[in-house]
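Okay, here's what each chain looks like letter by letter:
6 protein chains.
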Amino acid sequence: MKFPRRAIFFGRFQPFHKGHLYVAENILKEYEEIVFLVGMSTESHTERNPFTAGERIEMIRLAMKEAGFDLSRVITSALPTLEIHIASAHHAIYASPHSEAIFIGNPIVSQILREAGFNVIVPKPYKREIYNGTLIRRYMAEQNDKWRELVPKNVAEFLDSIKATERLKNITSPSERHILGEENSLD
Amino acid sequence: MKFPRRAIFFGRFQPFHKGHLYVAENILKEYEEIVFLVGMSTESHTERNPFTAGERIEMIRLAMKEAGFDLSRVITSALPTLEIHIASAHHAIYASPHSEAIFIGNPIVSQILREAGFNVIVPKPYKREIYNGTLIRRYMAEQNDKWRELVPKNVAEFLDSIKATERLKNITSPSERHILGEENSLD
Amino acid sequence: MKFPRRAIFFGRFQPFHKGHLYVAENILKEYEEIVFLVGMSTESHTERNPFTAGERIEMIRLAMKEAGFDLSRVITSALPTLEIHIASAHHAIYASPHSEAIFIGNPIVSQILREAGFNVIVPKPYKREIYNGTLIRRYMAEQNDKWRELVPKNVAEFLDSIKATERLKNITSPSERHILGEENSLD
Amino acid sequence: MKFPRRAIFFGRFQPFHKGHLYVAENILKEYEEIVFLVGMSTESHTERNPFTAGERIEMIRLAMKEAGFDLSRVITSALPTLEIHIASAHHAIYASPHSEAIFIGNPIVSQILREAGFNVIVPKPYKREIYNGTLIRRYMAEQNDKWRELVPKNVAEFLDSIKATERLKNITSPSERHILGEENSLD
Amino acid sequence: MKFPRRAIFFGRFQPFHKGHLYVAENILKEYEEIVFLVGMSTESHTERNPFTAGERIEMIRLAMKEAGFDLSRVITSALPTLEIHIASAHHAIYASPHSEAIFIGNPIVSQILREAGFNVIVPKPYKREIYNGTLIRRYMAEQNDKWRELVPKNVAEFLDSIKATERLKNITSPSERHILGEENSLD
Amino acid sequence: MKFPRRAIFFGRFQPFHKGHLYVAENILKEYEEIVFLVGMSTESHTERNPFTAGERIEMIRLAMKEAGFDLSRVITSALPTLEIHIASAHHAIYASPHSEAIFIGNPIVSQILREAGFNVIVPKPYKREIYNGTLIRRYMAEQNDKWRELVPKNVAEFLDSIKATERLKNITSPSERHILGEENSLD
Chain A
3 MKFPRRAIFF GRFQPFHKGH LYVAENILKE YEEIVFLVGM STESHTERNP FTAGERIEMI
63 RLAMKEAGFD LSRVITSALP TLEIHIASAH HAIYASPHSE AIFIGNPIVS QILREAGFNV
123 IVPKPYKREI YNGTLIRRYM AEQNDKWREL VPKNVAEFLD SIKATERLKN ITSPSERHIL
183 GEENSLD
Chain B
3 MKFPRRAIFF GRFQPFHKGH LYVAENILKE YEEIVFLVGM STESHTERNP FTAGERIEMI
63 RLAMKEAGFD LSRVITSALP TLEIHIASAH HAIYASPHSE AIFIGNPIVS QILREAGFNV
123 IVPKPYKREI YNGTLIRRYM AEQNDKWREL VPKNVAEFLD SIKATERLKN ITSPSERHIL
183 GEENSLD
Chain C
3 MKFPRRAIFF GRFQPFHKGH LYVAENILKE YEEIVFLVGM STESHTERNP FTAGERIEMI
63 RLAMKEAGFD LSRVITSALP TLEIHIASAH HAIYASPHSE AIFIGNPIVS QILREAGFNV
123 IVPKPYKREI YNGTLIRRYM AEQNDKWREL VPKNVAEFLD SIKATERLKN ITSPSERHIL
183 GEENSLD
Chain D
3 MKFPRRAIFF GRFQPFHKGH LYVAENILKE YEEIVFLVGM STESHTERNP FTAGERIEMI
63 RLAMKEAGFD LSRVITSALP TLEIHIASAH HAIYASPHSE AIFIGNPIVS QILREAGFNV
123 IVPKPYKREI YNGTLIRRYM AEQNDKWREL VPKNVAEFLD SIKATERLKN ITSPSERHIL
183 GEENSLD
Chain E
3 MKFPRRAIFF GRFQPFHKGH LYVAENILKE YEEIVFLVGM STESHTERNP FTAGERIEMI
63 RLAMKEAGFD LSRVITSALP TLEIHIASAH HAIYASPHSE AIFIGNPIVS QILREAGFNV
123 IVPKPYKREI YNGTLIRRYM AEQNDKWREL VPKNVAEFLD SIKATERLKN ITSPSERHIL
183 GEENSLD
Chain F
3 MKFPRRAIFF GRFQPFHKGH LYVAENILKE YEEIVFLVGM STESHTERNP FTAGERIEMI
63 RLAMKEAGFD LSRVITSALP TLEIHIASAH HAIYASPHSE AIFIGNPIVS QILREAGFNV
123 IVPKPYKREI YNGTLIRRYM AEQNDKWREL VPKNVAEFLD SIKATERLKN ITSPSERHIL
183 GEENSLD
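Residue numbers (the numbering used here), protein chains in the order written: chain A, 3 to 189; chain B, 3 to 189; chain C, 3 to 189; chain D, 3 to 189; chain E, 3 to 189; chain F, 3 to 189.
Read the hints as simulated data drawn from the structure, not as lab findings.
You may find that some hints are simply not true.
Because identical chains share one entry, a pair is satisfied inside a single copy or across any pair of copies.
[Claimed, not checked] Straight-line distance between alpha carbons at most 25 Å, and here's what the computed PhoX-like set of lysine-lysine pairs gives: (1) 165 with 4; (2) 126 with 4; (3) 4 with 155; (4) 171 with 126; (5) 20 with 4; (6) 67 with 171; (7) 67 with 31; (8) 4 with 129; (9) 31 with 20; (10) 155 with 20; (11) 20 with 165; (12) 31 with 126.
Make a model of the complete structure from these sequences and hints.
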């Protein structure tokens, strides 16, 4: 059976930003379809993973549509948080339809996938010093509007509609809390 | 923000058959987009769940394309096997982008979703006495070609390409094994 | 430090019925306090475990109050569903405050607790042929009012307030479904 | 059915200290009953969660009794450690009997509960710079008797009876171990 | 690097019987070392898995020594209960040191391992109608001494030393309990 | 029944180094057999746990053979990553055949085992400032050959055969990544 030529883009997409879009655009120059595999789908509302899997799929579709892609070329799937182990590589692959390559930036997971025998491509990040999730989440928590330029326009609008900066602010530990080394304000 | 009008179709799709297609067609008469939420995505190769999440997403896309739908209207996501609890209803909802209704046939899960306050629709099954997964899996395990007419043509071709009947035959306990009440031939 | 003399009563309480009450009454003749340890607290809405942990704690308190006990002698705790293993015995004990004995009817768990060195008492069931949870759940699923006499009056009233018979009916597989050997009406 | 007016107080209570007591006293001025929901009940003997769920329930009852409350107004339940996700909010609620509000200090969990639609109240902490668990656990690990004034008298006595300071000292990494960045002295 | 020629023998060994021994003897005719991989190591005290991983390792060593093998050729490892999924095959392999083949009787797991690309050998069982674990466990539960001839002499002696027949009897549901369809005698 | 006199040596063995060997040699002066219980067996390819359980068992056997021990005295078992709780102590014990003592360096786990009533021995580490896993893993990640002298010769050869330094380098976050506080290079 002949499958469309596909590549998996495995990430957390917290949130989906212009760096992700740049990688996806390059993938779709070479492949017919792209599988966005949303990792750590069962964690949300933490500093590292503020958005649910459903919200991340929404952002992916909004961004890809805004960038002019036909969404029939965009496939989404989700992978629960797994213990880090070489066998977990196979969970990622089997959560996706048949694909020829897997693009991933995370060094641990790419090492695991490579040792497990998969065709791993570490994409060249696009202006990583500005387009990176940690920075964007920090701006959002600080209610600093700089994050708006770092994500596609529709993603920004979506994030506003779910009051994302308020969520980020509330779940991000203020610095003075770090002094006492505690996570819980009523510890 | 205005979202496309969407409904979730929550099932296991083991495999995707014409009964599923019938429900999906009805959903797409009323809604702009459909979210296929693949349940028990972390189980595979059992009698009840023989196919991986990736294989099930493949079948969904093949069938919907064959039926003439623009795949840009088809969204897929996956939900790991969860302990049955009313809180799990929320996992299903948050694994999907914003939707107005959830279609589901499983009576336990529909009761949970309903009590949790969601808009649940139990679809009228289409000729359920023939279009049902248990029967199809049994035919496949018995190498009885009747299963071929119960799934879309492209799905049948895909199942052949992954040697599905051989898989089903090997993972299905032959009846004499039941006599001893054991699952393991070298118990 | 001197602790009140306590015993743990470990069960699922699905629902709390007069057989449970009989055991609890006997425990409180001998001990100052009783710890109701609600097992499989993270499963609900299944045929075997239809009620949530919170609902079960509600029933325990309603029944014990109705029976005239001072609720200051009643302690509740909850244990998630655990894999069956001798180490799990220790999870049960450490989920409870200091106690002198553990009353439990389940033969597997009582064997585990006994081998783990705890003081296990298998209570003599009270008219088990009528006061047993399986039978009560079946009556409820069949909308047969006989269940009402098998639980304390306040528990019956509570179960009505949460529409328990409707829940039971919906989550219990009708017999014709068993013929096809499937759990899912849209399988 | 008319339920007693209740509020949930959700925390880890590691250990139960005077700041917790202050919140509980305020809750019981307004509500008839209080549900202490013990979070992360399946972790113990770590720096962050040194005490078992049973030990924490013991401390709650000792402290509430010492403060003059009728223990019939005190309900306890336990919640296992869960992955942080908005669906987990519902696990907390369903582990408790019917309640009108949930008091919680943890900013992540309160954001989750609020988004999930629950009536969340973030209690004003009482002299948080001295009555906080992290500080108390540090004093205990350092065998510094200052912790004794920060918990109710009976709780201090209980902690002595289980040799809590010795436990804390043993499970708390000495500072020189941090230099090598290792958790394990025989790594 | 040159490794000893090894094969994995993957099973539950509940208990280790003469059928297992027969397979192991054949493996050691061809391979220098054998890896006994104890599956479902985190379940014990159930009808299907009555013995702990430690007890099963004990039986393996007793039997292999009694059969005259040098225990330096015998390697043991343990695999926790995993959800059935093709990725789990890799967990089995990575729990074992480098091996050339994996012997396994369970049809589901052997299909998974085969599809995952491993060299799977389904051993010819030895007089399976008498040397099988289900039968042996049933004899033990019924206190029928026939089980003694089905296991190596030292294994029988070990099982006596841990009072295995008493354990089996207590954890095995008596038939009248099946009539009510319940697992719990105080349900 | 008379068992060989055994002690458990519980560790992560990431990798097995000369400090571990020193402890094992001392154990085998006193006991007939040693049980290497490989902890966190279900994590691999992380900075803290780079090697799989199978690779760690391989290293244990290589080192013990090189040191002149008859491998018939060496038993291996594996324990999955568990939530830290006093009940987990029992999982460790029941994963091992009958033993008289358990040697462990981790302060949290040794406290748990001691409170659970086991005979715990904290071995005196051998030149811990040089023979420790954190340091060895750091040298390997930095491609600094000093690690070679810290492990037995055969272990070094094995680590070369699996390209361990390359694995360590790839999974270890470079320091500049820490500045942004992110784990994911394409975050």
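Outcome of the hint check:
{"no.": "1", "hint": "165 with 4", "verdict": "between (44 Å within a copy, 15 Å between copies)"}
{"no.": "2", "hint": "126 with 4", "verdict": "neither (30 Å within a copy, 34 Å between copies)"}
{"no.": "3", "hint": "4 with 155", "verdict": "between (36 Å within a copy, 14 Å between copies)"}
{"no.": "4", "hint": "171 with 126", "verdict": "between (31 Å within a copy, 19 Å between copies)"}
{"no.": "5", "hint": "20 with 4", "verdict": "between (32 Å within a copy, 22 Å between copies)"}
{"no.": "6", "hint": "67 with 171", "verdict": "neither (29 Å within a copy, 38 Å between copies)"}
{"no.": "7", "hint": "67 with 31", "verdict": "both (16 Å within a copy, 22 Å between copies)"}
{"no.": "8", "hint": "4 with 129", "verdict": "neither (37 Å within a copy, 31 Å between copies)"}
{"no.": "9", "hint": "31 with 20", "verdict": "within (17 Å within a copy, 35 Å between copies)"}
{"no.": "10", "hint": "155 with 20", "verdict": "within (10 Å within a copy, 40 Å between copies)"}
{"no.": "11", "hint": "20 with 165", "verdict": "within (20 Å within a copy, 36 Å between copies)"}
{"no.": "12", "hint": "31 with 126", "verdict": "within (15 Å within a copy, 43 Å between copies)"}
In the structure shown, a violation is registered for the earlier hints numbered 2, 6, 8, in ascending order.
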